[in-house]
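Novice: Sequence:
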Amino acid sequence: MTSLVPRSVQVVWATLVAITAVSWWTNADSGLDRRVAGAAILAFAFAKTWLVAIHFMDLRAAPAGLRRTVEAILACSCAGLIGWFLLA
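For what it's worth, full-length UniProt numbering labels the leading residue of the sequence shown as 1, then goes sequentially.
Everything labelled a hint here was simulated from the structure, so no lab data went into it.
If you're wondering where the values come from, they're calculated on a predicted model, not measured in any experiment.
Hints may contain errors.
[Unchecked claim] Derived CB-CB ranges, DEER-like:
| no. | residue 1 | residue 2 | range |
| --- | --- | --- | --- |
| 1 | T2 | R34 | 41 to 51 Å |
| 2 | D29 | T2 | 37 to 47 Å |
| 3 | T69 | K48 | 18 to 28 Å |
| 4 | W50 | G83 | 16 to 26 Å |
| 5 | L4 | F85 | 34 to 44 Å |
Yeah, the Cβ is synthetic: ideal placement off N, Cα and C, and Gly gets one too.
Work out the full structure, taking the sequences as your base and the hints as a guide.
Specialist: Laid out in structure tokens, this is it:
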């Protein structure tokens, strides 16, 4: 039987679910320092954002300049928020 959902979408979806589970575990009694756990959760959130942008918003097929710009914005936003979180 042919699947209605392409294999690549299934893999990305499973990865997003796994990252969600790991970030939930990181927050719930993991024994990690709160600052480390918070920074990890922010990094996981930006990893998920990148996956959605690349695979579900078709940045894979976008011009290289657009893809690099979006990835640079995500990287700078992630670094800035994690830095701000750790300094607060």
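Novice: Give a verdict on every hint.
Specialist: For each hint, the structure was consulted:
no.: 1; hint: T2 - R34: 41 to 51 Å; in the structure: holds, 48 Å
no.: 2; hint: D29 - T2: 37 to 47 Å; in the structure: holds, 43 Å
no.: 3; hint: T69 - K48: 18 to 28 Å; in the structure: holds, 19 Å
no.: 4; hint: W50 - G83: 16 to 26 Å; in the structure: holds, 18 Å
no.: 5; hint: L4 - F85: 34 to 44 Å; in the structure: holds, 40 Å
Consistency with the previously given hints is maintained throughout, with no hint failing.
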